[in-house]
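Using the supplied hints, reconstruct the complex from the two chains, each of which is provided in its own coordinate frame.
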Amino acid sequence: MKKLKYIFPVAVLTFASIFTACSPEDEQDLPTYSPTIYIEDFQKVIDGTFNESLFTNVAESGTKKWFSNSYQGNAYYEFSPFNSNETLNVAWFVTPAINVDTAVKKRLTFQTAQHHVVNVEKNFLEVLISTDFTGDVNTATWKSVTFTGPKIGSGFNYDFFNSGAVSLQEYSGNIYIAFKATGGTASANAGAYMIDNIKVF
Amino acid sequence: MKKLLLSTLLVLFTVTAWAQSTALRGVVVDAKTQQPLFNVTANLSNTNLSATTNQQGEFEIANPTSGNQVLYINFTGYVQKRFTLDITTEADIDLGTIYLEEDLTSEQQLSLITLTENDLGDDNSGSETTSGLLQASRDPFRQAAAFNWGQARFRIRGLDNEYGNIFINGISMNKIFDGRPQFSNWGGLNDATRNQEFINGSIPNDYTFGGILGIQAINTRASFMRTGTRVSLSGANTNYSGRGMITYGSGMNKNGWAYAGSASYRMAKDGFFDGTDYDAKSFFLAVEKKINSNHSLNLSAIYAQNSRGKNGPNTQEVVDLKGYKYNSYWGWQDGKKRNSRDKDVEEPIFILSHYWDISEKSTLNTNVSYQFGKISNSRLETNGANNPDPTYYKNLPSYYLNFHNTDGSTPIWTPDFKNAERNREDFLANSQINWDRLYLQNANKGYAVNALYADVMQDNQLTANTLFNTQISNVVGFNAGLTYRNLRSESYQEMLDLLGGGYLIDNDTFLKEEFSASDLNNPNRRIYEGDKYGYNYIMHANVVDLFTQFQFNFGKFDFYLGQNASYTEYQREGLYKNALYADSSFGKGQKISFENYGLKGGATYKLTGQHVFNFNASYYTQAPSIRNSYSNVRISDATVNGLTDEKVFGSDINYIIRTPKLKGRVGAYFNEIKDATRTSFFYADGIDIEMDDETSSDFVAEITRGISKQSMGIELGAEYQATKTIKLTAAANYGQAIYSDNADVYLNVDGRRENGLSPMVNYGTSYIKNYRVAGTPQQAYSLGIEYRDPNYWWIGANANFLTDIYLDISPLLRTNNFFNEPGQGGAAFNDVDTNVARNLLKQEKLDDIFLVNLQGGKSWRINGKTFGFFASVNNVLGLEYKTGGFEQARNANYRELLMDHASGSRTFGPKYFYGFGRTYFLNLYINF
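Going down the list, the sequences are from chains G and A. So for the first sequence, my numbering puts the first residue at 1; every next one is plus one. So for the second sequence, my numbering puts the first residue at 1001; every next one is plus one.
It is worth saying that the hints were derived from the structure and are not from the lab. Values in this document were obtained by computation on a predicted structure and should not be read as measured data. Heads up, the beta-carbon is just placed ideally off N, CA and C, and yes, glycines get one too. Any given hint could turn out to be false.
Computed list of chain G residues with no C-beta within reach of chain A, every gap over 12 Å [stated by the list, open to error]:
#1 52
#2 68
#3 95
#4 101
#5 139
#6 170
For lysine to any residue, the following SDA-like pairs were computed, each having C-alpha atoms within a straight-line distance of at most 25 Å [claimed, not checked]:
#7 A:1032 x A:1661
#8 A:1661 x A:1741
#9 G:151 x A:1755
#10 A:1556 x G:12
#11 A:1081 x A:1051
#12 A:1556 x G:8
#13 G:105 x A:1528
If we strip away everything but chain A, and leave its shape as in the complex, we get (with noise of 0.2 Å):
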C-alpha cells in the first residue's frame, strides 16, 4: 500500500511539473459600505489552496490547480460567495471587486448557544451530552439541526458529540475524561468564537483526522475579529433571562500588532425551569503580533465562569402531580430558591500559536495550550437520616398504590388508598427540599446528618500540536498533524456547607465498620467545610496522535486519503486507602495503554460545478475514554474487564446541487460502532447478585461491554430562492439508529467486597439488539420561508416535525436476571409469561414533536454605526413535549417490573426530560 502511494506520487509530480505559472487573484468589498475587507478566506474547494485578503481586502492564488473549479469567499457574518471557474494554465485570473453582503440572519447564532448548555443529567460526566456540534453553518441541513431541531434534542446521524471534534485555534476541546467537548468553557463568548468552520463527516480537515461526526473548528485569531466594538443586550425566557456583551477588535496595525476582547455576563434568577438559577461571566483576549510576512504570533485567552442550579428528570406521576417546570433539587431558605445541584465550571484556556507561511503553498501552525480549573456538581448526602429528596418513592401516592402482600410465593395486589391519598396531600404541600428541617436535623444530632457536597473534577491539561499544510503540486495537497495531549485530573468529593452541623465523620455509614473508612491511613477524620473526603485520586494521560492526508485533484475528480495512528496512556493514582479496596485504591495503578490507527478515504466528482458527486467513509479504533475504562474508578484503580478499543466505520455519498436558484445537498449515510463499553452508577433493588445476606439492595456501577450502534438514514437539506426577497428551505432526516447486536453487562457491587466477595458480577448477556439507539428523535422534518427585505430587516417562520424518539434503555433490566428470583439459585419467577414480560420490555416510543419558530430582525446604519435586533420566538405553540428519558435500572426484574406496574401509576417508571415551552429570545446591538 505504501509502495503504491509513494509511485503515485512521484507519478503525479512529474505530470504536473512543466505546468506554467498563473494566478487567480480577486479584491473584496463590503457591498453595503464599500470598504475593503481584511482576512476574508478564498479558497478552491477540494485542494489546499486558499488566501486571505491583504487589508486593502486583495487576495492571489497561485498557481490555481486547473480545470473546473469552485472558488469560495468566506467571511464570518457576511454572505458565502461561489464562482465557479474553469481555470487553464494560460492565463490569469482576475475576479475584478467581489462584493459580500452581511448576513443579517447570522444574529440567529446568538440565540442559538442556550440549547448546547442543557445538562442531559449525567451528574457523573463534567461534559453535556447535547446535539453534537451545533452552532449556524451554511448548510441548509445543518442549518435546520442546529436552529429548528436542536431544542428537541436532534443529533446529527444519532451521534454523540464524542464522535465530533471541536477546535479552538487548532486544539481539541474534546476532554479525556469522557471524549465530549464543555461547551461551558467558551459559553457566552458568541461574538468572539463566531469564525468558525464545519466539516461533516471524515471529509478532510486541516486539524485532524476525525471522528465520523465531523468537526466544529473555532478560530479566535486577533486579527481574524471583526474590527470595531459590538455591544449587545439581550433578553430571554430560557436558562437565562438576560445578557450583555462587549466585543472589539482592534484589525491589524501598521506595526502589526492585532488585539481583540470581549466580555459577557449572563443571568437569571429563575430560568425557565423551576428553580434554575443561572450566572455565567465569561471574558476573552487574544493579542496578534504579525513578525514578518511569514510569521505571525497569536495568544488567546478564555476564562468563562459558569455557575447554574440544575433541573431534574421526573417520573410522569411527578410531572402530573407537579407540571412539566418542576424541579425538585431546590427549596426555600431565608426568602429564597436555594438549588441543592449546582454546576459551577471555571476552566481558563490559553492558547498560544505561531502561523508560519514557509512558502507559497506551504503553512506550518504549531499551537501550545493550557486549561487548568475544576468542574463541580453539588448534591445533598444523608448518614442516617431520611431522603431530603421531596421525590423520594416512599413520599409519593404511587409507594402505597402499588402496594402487594409477598408472603405467598406470588404476590398479591393490595393498595392503600388511604395513604397514598395522604402521601399526595403530603407531597403537594412539601414538594420542595426543605432546608429548615434539615439544620433543625443537624442541630439536634450536633453532628452532619446532612450535608451539601460537590464531586469535584480539577483538570490540568497541556496541549501541542504542529499542522502542516503544503499543495505540493497542482495535483497533490498534504496535510500532517502531531499533537500531544497530557492531562492530571484530581477527582474528589469536598464538603461544601455542613447546614449548621458542626462536623461530619469521613465513613461510609452503610457499611460494617472494619470497611466503613474512605482512607484507612486517616480513619475517623472529622471533615469540615472546604475538605476534601470520601474519595481523592488523580488520573495521569498521555495521549499522542499524528495525521497525515493527501488530497488529490484532477478538475472533475478529487480524492482523499487520510491516515491516523494515536497512543493513550492511562493511569490511577489513589490519595486515599478505602477500606473495600485496601489493596487498589491507593498508590499509582497500573498503566493502561492503547493503540490505535484509522484510515480514511473519499472522492468528488463533478458533474459540472453545479451537480457533485462525494462519497466518503472512514475507520478507525478508539482507546476507551478515561470514564469507561475504570469499573469504580473513584476508590479503586481496578480496570473494565476485557477493556478493549471501540471501533468505528463511518460511510456517506451525497448529491449536492448548487444552481443560482437551488443549493442542497441529499446523501446517506451509514455508521456502525463495535466493542463500545458504557458506564452508569444507581441504586439497585431486586439484583440478584448472590450474597450470603438477606439484603439485595446497593449502590453499583452498571458496565455494558461489547455494545454495537448502527446508524443510518438518508438527510436532505434545500435552499430554494424563490424570488430575490423569498428564500424557501427545506430539510428532513429520515434514520435509524440501533443496537445492531446484544452486549454484556457486568455490575460492580462494592458492598460485595464485605463478604469477601469480587465486586464484579457477571450477568452475561443483555438481548439489547434491534432496539433503538436513544436521545435523539430518528426522523426530522423542517419547511421554512425567509423574507428579506432590501432595506435590511428580514422575517422566517419554520415548522418542523420530529418523530422515532425513543427512551433510553437499561440494558440490566434485559439480562437473564430479568427472570430470576432474587435468592433462588437461578430460578425463574413461577408466574412467567413472555407476553406479559415482553410488553414490560418493549422501548417506549415517546410523543411526536411539532414545533413553529418565528424570527425577524432589522438593522440600521447611521453616521457609520450599525443597530439593529434580532427577535425569535421559539415554539410558538407552545407545545409541551418529552426530549428523551432513561428507564430507571431499580427495579431490575419481572416481578418487581410488574408489582411497579399495578395501579397504573408507576413508583420506578422512566424519568422524563422535557424541552422547552415557548420561549422568546430578543437581542439589540450596536457595532462602531
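One chain only, chain G, in its complex shape (with noise of 0.2 Å):
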C-alpha cells in the first residue's frame, strides 16, 4: 500500500509531461484546393489583347468558324453557322497543349451556351480530347467527353450552362481540348454554342 504513494510523483511527471507534449501551436491548417492550372475566360478578346493563334480554330465542313464575342463585360467564343449558305457546318476550337501532371484534381469544367438550337440532332456541341494533336484535327485520335451542356429552348437562349467535371485520371503530359461545333444554314440547324471559362485544375 505504502508504495501506492508513489502514483503522485508518476502523476506530477505525467501532467508536466503531457503539458510540454501539448504547448499551444498557433498554426492551423488551411483547407486544400487544387489550384487551377490553366484557364481561358476570354476577357483580353474585350481590349483586344486575346491572342487567338495559340489555338486551332479551323472549319472542317464550310466556311464557319469560331469567333469571338462579348456581352456585357462578358467575352466568350461562338460558332454559328446562322446564314453560312452551307448545308453542313462542322467547325473546331482546340485549346493549346496543357499539361495536366501539376493539376491536383485532375479535372477540366467549363461553361456552354447557346441561343436559337432548335434540333440537336442536327445542330449540336461536342467535346474531345486528344493527347497527339499536332496541328491537324483529322490526323489525331480524338476521345469524346460527356459534360452537362446548355439547356435547349427559347427561354434558355444566351444563359451559360456549368459542364459539371469532366476527369482528367486518365491523362498525363500533354491533353489538348477541343469543342467542335455542327449545325447548318437551314433554320432548324442554324443555332449558335458558346463556350467560356475552360478550367484544368
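In C-alpha cells form, the structure reads like this:
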C-alpha cells in the first residue's frame, strides 16, 4: 500500500509531460484546394489583346469558324452557322497544349450556352480530348467526353451552364481540348453555341 | 480485474474485523444565538461516514476510521468548521460544543443567479449554454469562477455544462434532449435551493458516476430548510429590476412533520438590454414526514414559470450604429415595447423521496420524480413579405458598401456610397420591428403573410432512482445507484398570433408545390391561432444507468474506484407526413440505442492534515444527445451518418493546503473529448451543393462529426486570513482549450429532395485542428480583499482580468469547399492567395476584460429577528465588453468572404454577445 503513494510523483510527471507535449501550437492548416493550372475566360477579347493564334480554329466543313464575342463585359467564343448558305457546318476550336501533370484533382470544367438551337440531332456541340494533336484535327486521335450542355429552348437563349466536372484522371502529359460544333444554314439547324471559362485543375 | 477487486475486499474485511467500537461526537450551536442547530452535517472526509445533528444539535459518528482524519461540519448559510483529528481505536472523541458562525457573505449567492439565466442565443435548444455549475461554494477558485468571472462567461476547465450534472434531491436535472440543465426550472427559488453540495471533477459523490466537470447537488428536504420565515426584497438592473421572495421552514415538529414553502416574483419592464422584459413567478413546497428513526418521506414540488423577452447577438456594424445594448427583436405596438423572441418556460417538478437508514452505516435513498410542461421560443415568420428583421443585411449600409460587379471571372468592388448612406439613415430611423406594418400587410392580403409562432417542446419525464450508501468496514465505503429515466417529448410549431391576418396555409412556400406540404395527411390546411403546424413529432427516450463506487480509507492514504454502465434508447414518432420526406417523416422510426461504460479512480495522500495531494482520472463513453443524433429531427427520422458515442477523458492533480490562515488549492487538469457531434441550423449562401438549378442558397443543418476537444490548464484558488477581520483571496486559471484534431462536416439540405437528391452532402474534412474552443476566457485572474467587522457588517472588492477569449469558428468555412467556385465541379477560385486565405480564416481573439466588483452587507439582530442587506456593484468601471460570438456560416467561401471584407464594414461579419455594463444589486431581508 505504501508504494501506492508513488502514484503522485508519477502523476505529476505525467502531467508535466502532457503539458509540454501539448503546448500551444497556433499553427492551423488551411483547407486544401486544387490550383487551376489552366484557365481561359476570353476576357482579353474585350481590350483586343486576346491571342487567338495559340488556339486552332478550323472549319472542317463549310466556312464558318468560331469567333470571339462579348456581352455586357463578358467575353466568350461562339460558333454560328446562321446565314452560312451551307448545308453542313462543322468547326473545331482546339486549345493549346495543357500539361495535366501538375493538376491535383485532374478535372476539366467549362461553361456553354446556346441561342436559337432547335434540333440537337443536327445542330450540336461536342467536346473531345486528344494527346497526339499536332495541328491537324483529322489526323489526331480524339476521345469524346460527357458533359452537361446548355438547356435548349428560347427561354434559355444566351444562358451559360456549367459543364460539371470532366475527369482527366486517365491523362498525363500534354492534352488538347477541342470544342467541335455542328450545324447548317437551314433554320432548324442554324443555332449558335458559345463557350467560356475553360479550366483545368 | 473483478477478481482482484473481490480478493482485495476480502482481505480488507479481515484486516478491519477486530477494530474496537468507538464514537466521535459533538454538539453544534449557532455562535450568535447559542441555539442548537438541527440537521447540520458532520462528515469524515474520504469516507462514507457522516451524521446529521438532532434537534438538540448533537451528532455522533460510530466507529470512525482510525488515523489522521479530517472532520467537516457543514451547514448552509454558516461558515464551515474543520477539525483535524488523530483517531485511535481505544477512546471516544468528544468535540464538545462547536460554534458555527453565520456566513454573511452567503447573501452574495442571491445576486448571482441572474447570470445563469442569460441565453447565449441558441434558439434550437431548450436549455441554456452558460457557464456550467455556477453557484457559490467554499472553494475559493469556484467562488471566483462563479461570482467574479461568471459575468464574463467563464467556464470551469473550458467545459460546457453538459459535462456536469445538477441534481435536485438526487434527481438529475440535465435534459435528455441536449444533456444540459434548464436553470429556469428552479430560478427565483434561491432560498429553497440554498442547500447545495459541489464536487469537482470525478471526485466521488453519492448520486452518480458523473461527468468530468463535477456535480452540483441541491437538497430541498423540508427538514433541511432554515427554520422560520424569511422575506427579501431586491432591486437590480440586470435581467430583472425587482424581486420579492418569501420562504418559510417549519423545522421538524414532535410528530415528525416538517413543512417548507417559498414563493418569489421577479420582473422587469425593460432589463439591461433594450426590450428585454421579464416576468417570473416561482413556487416551492416541501413536506417531510419522519415515519420512525429509520424512515423518512419527503415530497418536494417546484413550479417556476418564466417568461422573458430575449436579446440577440449583433454584428460590429450594428453595434457601431446603435450601441451594445441595442436589441433588434422588439418594436413599438400601441405605445408598448413588444418583443418578438419570447422564451417561456413552465416545467413543474415533483419529487417524492424515501430516506431509509438501514443501519448506522447504511442508507438507501429512493426518489421518484415527474416533470412535465413546455418550453416555447417565439419568432416571426414571413411568407413572401419582406424580412421584418430591422438588421436584415439588405437594410444595412454595408450591403451597398460591399457591392461588387461579378460579371467577370474576378469580382470588382463597386461601392455605392449614396445608397449606403440612405440605408444608414433608414436603419437609424427604423431600427426596431414595425408591428404596425406587419398588421397592415396582413390586412391588405387578407391572410397572414407575417405571423408570430413558437417552437414548442413539451416534455413529460419520469425519473426513478435508488441510491445505496454503506460503510462496509472502517476502511471500505461503497455506493451504488440505479436510475431509470423515461421521456416523452413532443415538439411542434404553434401559431401564436396571425397579426390580424385571418389564417395561414400550412405550406412551405419556398419549395415546389409538390414538396411544400408540411403534412400530406392534411394538405393545404388553414392555420389559426393556437394551432400546431409546420412540424410535429414525439421523441421517446429511455435511459437506464447503474453506477458503483468503492472508497478506501487508510488514514494517510485514500483511494477510490467508480464504475458505470448505461443504456440509452431514442425513437422518433412523426405526427406529420412531410412532403419532402414522405417516406421517413410519419410514424415511428427506427429505435437507436447506445450502451455506455465508464471507469474512474483517484487517490488522496495526506502528508499531514494541512497538506493534501489528490489525483483523479475518469474515462467514459457517452451517448450523443437527441439533439445531435438526428440530421433534421423536425421532419425526418434520419439519423446522423455514422452516429457514435462520445469518448470523454478527464484527469486532475491537486495540492490542497489548509492551515489556519491559508486555505487553497492549486491543481492541473487535462481533459480530452473525442468523437463529439454538433448540429446547428442556418441559412447558407454560396455553398456549392451541386444542385442542378442555378440557386445556391438554402436553409441547412450543419453536422460536424468526429470533433476532438482538449482542455488543460492550471487552477489556483486561495484565501488568506491576514488578520481576524481581513481576508485576501486570489484565483487564477491558466488554461487552453483547443480542437485537437480535424473533424468532418456534412450538410443536410432539404431543398435537394426537390431534385430527387439525397439531402446529405459530405464536405469532408474541416481543418479545425489547433483552433481554440470558444465560449470561455481561457485565462482568468482574480484578486480580492474582504473586511468583516465583528459588528456584523462586511465589505469586499475584487479585481479580475480575463483574456484569451475567442470567437466560435464555423467548421463549414474551413472545409475544402472554401476555395471552390460554386457550380464549377470542384474548381478553385482563380484568384486564391493563401496568405489572404489565412487571414480570412484566422480565429478572432476578443478584447481582454477587466472587471472590478464591490460588495458589502450588514445585518442586525432585533428582538430575535435578523434584518440585513446585501449590496453589490459589478463592473464598477462600466466596461463594455464582448463575452463571445460566432462566425456566420452564411458566406461560406473565399470569394464571398473577400467581398464581405471589401469596405471594412462586414455585412455577414461575426455576431457578438455583450456582457452587462455596470450593474447593481440590492437585497433587503428579514428572518424571523
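Taking the hints in turn, this is what the structure says about them:
Against chain A, the non-interface label of residue 52 of chain G holds: every CB pair exceeds 12 Å, the least being about 19 Å. Here residue 68 of chain G stays apart from chain A, with its beta-carbon at least about 15 Å from theirs, past the 12 Å limit. For residue 95 of chain G, the requirement that its beta carbon stay farther than 12 Å from each beta carbon of chain A is met, with the minimum near 16 Å. At roughly 18 Å, the least C-beta separation between residue 101 of chain G and chain A is larger than 12 Å, which holds for a residue marked as non-interface.
The Cβ of residue 139 of chain G sits about 31 Å from the closest Cβ of chain A, beyond the 12 Å cut-off, so the non-interface label holds. With 12 Å as the threshold on Cβ separation, the claim that residue 170 of chain G sits away from chain A holds: the shortest Cβ distance comes to roughly 17 Å. With a C-alpha separation of about 23 Å, the suggested pairing of residue 1032 of chain A with residue 1661 of chain A holds against the 25 Å cut-off. Note on residue 1661 of chain A and residue 1741 of chain A: the hinted pairing is violated, with a Cα-Cα distance of about 45 Å set against a maximum of 25 Å.
Only pairs whose Cα atoms come within 25 Å are accepted, and residue 151 of chain G paired with residue 1755 of chain A is accepted, the gap being roughly 16 Å. With a C-alpha separation of about 19 Å, the suggested pair residue 1556 of chain A and residue 12 of chain G falls inside the 25 Å cut-off, and the hint holds. In summary, the hint linking residue 1081 of chain A to residue 1051 of chain A is supported, as the alpha carbons are separated by about 15 Å, within the 25 Å threshold. In summary, the hint linking residue 1556 of chain A to residue 8 of chain G is supported, as the alpha carbons are separated by about 13 Å, within the 25 Å threshold.
Restraint check for residue 105 of chain G and residue 1528 of chain A: not satisfied, since their Cα atoms lie roughly 54 Å apart, outside the 25 Å limit.
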